[in-house]
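Residue numbers (our numbering), protein chains in the order written: chain H, 927 to 1187; chain X, 927 to 1187; chain L, 6 to 314; chain G, 6 to 314.
Do not rely on the hints blindly, as some may be mistaken.
[Unchecked claim] Below, a list of computed lysine-lysine pairs in the BS3-like style, where the Cα atoms sit at most 27 Å apart:
no., chain 1, residue 1, chain 2, residue 2
1, L, Lys-233, G, Lys-16
2, X, Lys-928, L, Lys-233
3, X, Lys-999, L, Lys-204
4, G, Lys-232, L, Lys-204
[To be verified] Which residues of chain L face chain X? A partial, calculated answer using Cβ under 7 Å:
no., residue
5, Thr-25
6, Ala-31
7, Val-71
8, Gln-74
9, Gly-77
10, Gly-216
11, Pro-217
12, Phe-268
13, Cys-301
14, Asp-303
Hint data in this document are derived by calculation from the structure and do not stem from the laboratory.
Virtual Cβ for every residue (Gly too), placed ideally from N, Cα, C.
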Amino acid sequence: MKLLQGTVLSNTWVSPRYKHMSIHAPEIVEECKAGQFFHLKCSDSFSPLLRRPMSIYKIVKKEGEIHFLYLIKGEGTKCLANMHQGDQLNMFGPLGNGFTLQTEWHSLLIVARGVGLATMAPLIDMATKQGIATYAILSARTKGDILSADYMKECGAEVVSLTDEDRDSDVEHVRKMVENVIDSKSIDALFTCGSKRLTNMLKGISLQRKIPGQVAMEENMGCGSGMCFCCVKPFNRGGEIVNLRVCSEGPVFQLEEVMEL
Amino acid sequence: MKLLQGTVLSNTWVSPRYKHMSIHAPEIVEECKAGQFFHLKCSDSFSPLLRRPMSIYKIVKKEGEIHFLYLIKGEGTKCLANMHQGDQLNMFGPLGNGFTLQTEWHSLLIVARGVGLATMAPLIDMATKQGIATYAILSARTKGDILSADYMKECGAEVVSLTDEDRDSDVEHVRKMVENVIDSKSIDALFTCGSKRLTNMLKGISLQRKIPGQVAMEENMGCGSGMCFCCVKPFNRGGEIVNLRVCSEGPVFQLEEVMEL
Amino acid sequence: MKVSIGGVSMKNPVMPASGTFAEETAQIFDLSVLGALVTKSVTKYPRMGNRGPRIAETIAGMINAVGIQSKGSQVIRETSIPFYQQFNSPLIVSISADTADEFVDLAQELSVPGVAALEINISCPNLEDDGRSYAMDPTQTYRVVDYIRKSTQLPLYAKLTPNTNAITEVAVAAEAAGADAVVVANTMLSMVIDVETRKPKVGNIMGGLSGPCTKPVILRMVYQVYKKVGIPIIGCGGICSAEDAIEYMIAGASAVQVGTYNFVNPIGMVDIIQGMKEYAVRHRISSLSDLVGSVCVDEQTRIDKAAAY
Amino acid sequence: MKVSIGGVSMKNPVMPASGTFAEETAQIFDLSVLGALVTKSVTKYPRMGNRGPRIAETIAGMINAVGIQSKGSQVIRETSIPFYQQFNSPLIVSISADTADEFVDLAQELSVPGVAALEINISCPNLEDDGRSYAMDPTQTYRVVDYIRKSTQLPLYAKLTPNTNAITEVAVAAEAAGADAVVVANTMLSMVIDVETRKPKVGNIMGGLSGPCTKPVILRMVYQVYKKVGIPIIGCGGICSAEDAIEYMIAGASAVQVGTYNFVNPIGMVDIIQGMKEYAVRHRISSLSDLVGSVCVDEQTRIDKAAAY
Ligand SMILES: Cc1cc2nc3c(=O)[nH]c(=O)nc-3n(C[C@H](O)[C@H](O)[C@H](O)COP(=O)(O)OP(=O)(O)OC[C@H]3O[C@@H](n4cnc5c(N)ncnc54)[C@H](O)[C@@H]3O)c2cc1C
Ligand SMILES: Cc1cc2nc3c(=O)[nH]c(=O)nc-3n(C[C@H](O)[C@H](O)[C@H](O)COP(=O)(O)OP(=O)(O)OC[C@H]3O[C@@H](n4cnc5c(N)ncnc54)[C@H](O)[C@@H]3O)c2cc1C
Ligand SMILES: Cc1cc2nc3c(=O)[nH]c(=O)nc-3n(C[C@H](O)[C@H](O)[C@H](O)COP(=O)(O)O)c2cc1C
Ligand SMILES: Cc1cc2nc3c(=O)[nH]c(=O)nc-3n(C[C@H](O)[C@H](O)[C@H](O)COP(=O)(O)O)c2cc1C
Ligand code: FES
Ligand code: FES
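Using the sequences and the hints given, assemble the complete structure.
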């Protein structure tokens, strides 16, 4: 983890609610891993005061680029959205533990929703580079919000998109699709991010079918680096309930450890 | 007084420390008078929270323009300095009482320093339009800070500039110049703004020579419109010490009422 | 939007906070849109107030040390009260005094037609208790409110100070002594120093902090007081938007006062009233009073003793 | 830049505030640059802390309700204390307990080599006084500090709460009971509610407010306490810059603690130390201690009783 000033290369609207930001930060790019995040200072003023956690969406090692894909939600992301090419972005990271891939895995199923899509894109890239096949079920409010589908395909995933507007995104429907994919593609591991209900559903399948899984979690953060215990959530670790820090013990956790959300 | 959104026409550096901003605000321009001010909201965020008082520097009735000339001092004026052409400026004003000219006056002496120069420019313009001659002694830290001299000349004043860097701006030297001008130009009234020491000196001359005078005062403000009593200063009104509101009972006061600053 | 606060009917729950509003406001918007009008605290005799500077900006707030500059009660009676009668909103006169006797005199003098209620500013330092304010202490609060209560028929709103560790006890004492509502709260005693000159930034050295920075503390006090008193609470501290006002109502306030934000946005109260209407429509709330104290809290009891961190 | 706080020599007056600093900070900068190191408050036995969310942002501040998640004193003794010994800055261990007896046990257990002083967090609700904190009350403060004092030779820093109207009396009581310094202050009890869900934004309903919004109130407390106690004051509340730290020293603090700003700027303390050096050079101050309590105030006496406004 480093504290550094990245330079904004681009910051463009990719849907009415999301922006895609690319940052030149060559000094950090080698350290970055899918599933990790940066804690970003969105403004120089005291409001908003705190940093904002943002997953790594894309790592372009050769060019020294880190990308973010973010939903404009409140004050912090509004400030991010106001940044222009050439501006300096104060970044702290990479933070947390990324996704881990076992060498014996051949095919992964990824289920993501909403802002969780951003987190999953670099996982697909990483898996493909290790010769692992990836199948992604992406869910969002509108078609416009399924932004990373193309990039994920480019990275090598086979992608299905579901949206609330098409009314095919309900949990039961997703469950059926997940079971189908597991059956037809002999999936070795499950990955998810972005939805409590999908996480709960996937955890059920993971336990039932004994397929390991990983989930990237979100929680409000203070320090982002393990010092303040502001971001803890309860997890079930070996039968015992323990409070773990999303920022430093996560954000990626084993699916089986997650408590009913 | 109105609450309105003006449109920034230009906002340019005129010296290393000062900017000149012109605003399109046709709905208000007819009401504006030299010596009055606007209370400006410099940012949309809560820091800085309060508005900033800014004298009217120039009124261009035909074009519906109000101009400000301001020193970049702290957070508020920094935010002002960051505004761009086309941005909306939230303005409250015009506020306070401007300068008043008696019909029997023929020649005025104006002594101003620092940010006080901005306040004096429209007075000269007003006097000239009423056929009154104006003589201005301008004082500042550096030659670069004597920004409005040209505009004042354009407006019709005879201008002398003094600066700390030329070491001709000390109060004693100014006093001599003032006395010279009074003697040679048969001055009817004195006007000042921007320096406590010059105001004290001028008040002395005003009393001694029985020449009426007016001074535009500054004080930290809350409401800017007479409600909160945050901006009061003590004045000597008819032998009695009274607390008067700079925003609404001023900012222009009779020189003789000013207490030793 | 209608509310009734200690017998005073208001067309909406939004009113100005004492000291941030005056006759001049009528030049900016029609005062009849307000739930009520609240004067700057008046004293019996004219007062000069503190020396300047009287205001200093802080981060997301401001400190004032105006010191109750007042024209005295007679002037208020002869000019302000008649002036405000042209508007269709009840007038609440805020009174301030150094002794309980002076409070009683003032209350009697100002219990005149045109005044709908008296707000008693017992959160300023007084002369009877070594510069402390009555509202720092439940016993003193009871004493002074009880005494004033007996001197007037008008509804009494007791304005409390946040500079106490016993805000609920003080509120309970005010209620017991017959206050018809409590205003929670006045400003927080504060200080800022200019590091270049080493001088305090307000002439009075210390002053009262107001503005958005204070909201989390005052909101907490409203929540605590609501659980202990039956009279209406008027929330006051840092309100800058309809959402802030709603937040206070959810915490337990029946009405709100807006102070510092009037300086930031001269038509702020008008915007807040409008925004509250829109919130009510959006959330299908037929009466804003349904919001009062509606905070969703489970395990209430556990929580009351819970650690701050 | 050197200071000595209750017998602990520090190379500069800047240290972290308890709970905002941990071993992880060593990955960001060399901890030896700090005046002292301060641990998160430890309890005797492991504690889970409060349920989430534990943090909510407010205007220019934040509310936390972490609830002293602690691994227990044994883990601290075996891991943290040895870990921090690699750095050339004194270690101050913050302790927290629900009873005076537990405080004494902790103090004895943690009076070990490697610990330069104990900071006693008496500003959290305890079990002996109906959920109030010791530092809300001078008598309770005296009792608990006195009791702990007798159980250890280490310097004791008493960390006070701003949620009291008697901060000076509490500080005086802590001094009388043998505290070697007071930390002014902990967080301000606060609350924020989400107006869409009507739920409090922290799981614990209420939490402690920290960050720049609190500075004017805490600075005022430092100023008041400085006039009444002889032991050093450690100022803590909203410090985000060298100027803020200097402002606290001018008000009366001998050293400062930085909390929330560590989250905003992970190398914030390093920047503050550097900025203080530059201030000293710019103002030709040979020793920062010359600043302590140097606020320029005329008519001191008049002022002490002056109105907040
Ligand atoms: C590890 C991690 C990775 C994330 N990656 C992404 C991403 O790639 N793209 C994306 O769009 N969003 C992502 N998020 C969510 C993102 O951090 C929030 O949307 C953002 O903080 C909202 O800030 P705001 O000021 O716009 O909204 P507000 O709602 O005004 O924020 C108020 C406060 O709540 C916190 N907060 C609000 N929502 C969240 C949240 N979901 N998680 C944590 N804190 C929150 C903010 O940080 C802030 O302190 C991630 C969150 C985490 C924890
Ligand atoms: C009636 C009037 C007219 C003015 N006209 C001009 C002008 O034409 N050009 C110009 O450059 N300046 C003018 N000033 C001064 C200008 O208002 C201040 O320089 C400005 O408010 C500083 O804000 P800041 O945030 O940049 O500085 P900061 O020093 O950070 O401000 C902190 C606080 O102090 C207040 N403050 C600081 N200096 C002054 C001051 N001199 N007067 C009043 N409040 C102050 C600010 O408003 C703010 O609330 C005028 C002041 C008044 C009262
Ligand atoms: C300039 C100013 C003057 C004030 N004068 C008074 C007063 O005379 N009487 C009073 O009870 N409160 C007074 N107050 C306190 C306000 O009424 C209100 O309680 C406080 O400002 C908190 O609300 P806010 O955060 O919305 O400003 C004053 C506040 C300010 C800012
Ligand atoms: C997340 C967090 C955890 C804290 N934990 C403790 C603690 O365990 N013990 C303690 O005495 N103070 C604790 N505090 C209070 C800080 O030490 C400090 O007093 C407070 O944050 C004010 O300083 P600041 O405004 O610089 O943050 C905590 C503060 C925060 C923000
Ligand atoms: S955010 Fe501080 S420990 Fe996770
Ligand atoms: S600034 Fe409010 S009365 Fe002048």
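For the hint on Cys-301/L, does the least C-beta distance to chain X fall short of 7 Å? This hint is violated: Cys-301/L lies away from chain X, its Cβ roughly 27 Å from the closest one there, beyond 7 Å.
Does Pro-217/L hold up as a contact with chain X if the rule is Cβ-Cβ below 7 Å? This interface hint holds because 5 Å falls under the 7 Å limit.
Does Gln-74/L pass the interface hint, meaning its C-beta sits closer than 7 Å to a C-beta of chain X? Check passed: Cβ of Gln-74/L comes within 5 Å of chain X, closer than 7 Å.
With a cut-off of 7 Å, does the beta carbon of Gly-216/L approach a beta carbon of chain X closely enough for the hint to hold? Gly-216/L check passes; min Cβ-Cβ to chain X is 6 Å, inside 7 Å.
Check the hint pairing Lys-999/X with Lys-204/L against an upper bound of 27 Å on the C-alpha distance. Holds - the C-alpha atoms of Lys-204/L and Lys-999/X are around 19 Å apart, at most 27 Å.
Can the restraint linking Lys-232/G and Lys-204/L be considered satisfied, given a maximum Cα separation of 27 Å? 16 Å, holds
Answer holds if the nearest beta-carbon of chain X is closer than 7 Å to that of Thr-25/L; otherwise answer violated. Holds, because the Cβ-Cβ distance from Thr-25/L to chain X comes to roughly 6 Å (cut-off 7 Å).
Hold the hint about Ala-31/L up to the distance rule: shortest CB distance to chain X must be less than 7 Å. 10 Å, violated
Have a go at the Gly-77/L hint: is there a Cβ in chain X nearer than 7 Å to its own Cβ? 14 Å, violated
So, Phe-268/L near chain X? Judge it on the closest CB pair being under 7 Å. Because about 5 Å separates Phe-268/L from the closest Cβ in chain X, which is inside the 7 Å limit, the hint holds.
Mind checking the CB of Asp-303/L against every CB in chain X and telling me if the closest is under 7 Å? 32 Å, violated
For Lys-928/X and Lys-233/L, compute the direct alpha-carbon distance and say whether it is at most 27 Å. Since the Cα atoms of Lys-928/X and Lys-233/L sit roughly 44 Å apart, the hinted pair is violated (cutoff 27 Å).
The structure is inconsistent with the numbered hints 1, 2, 6, 9, 13 and 14, although it conforms to all the rest.
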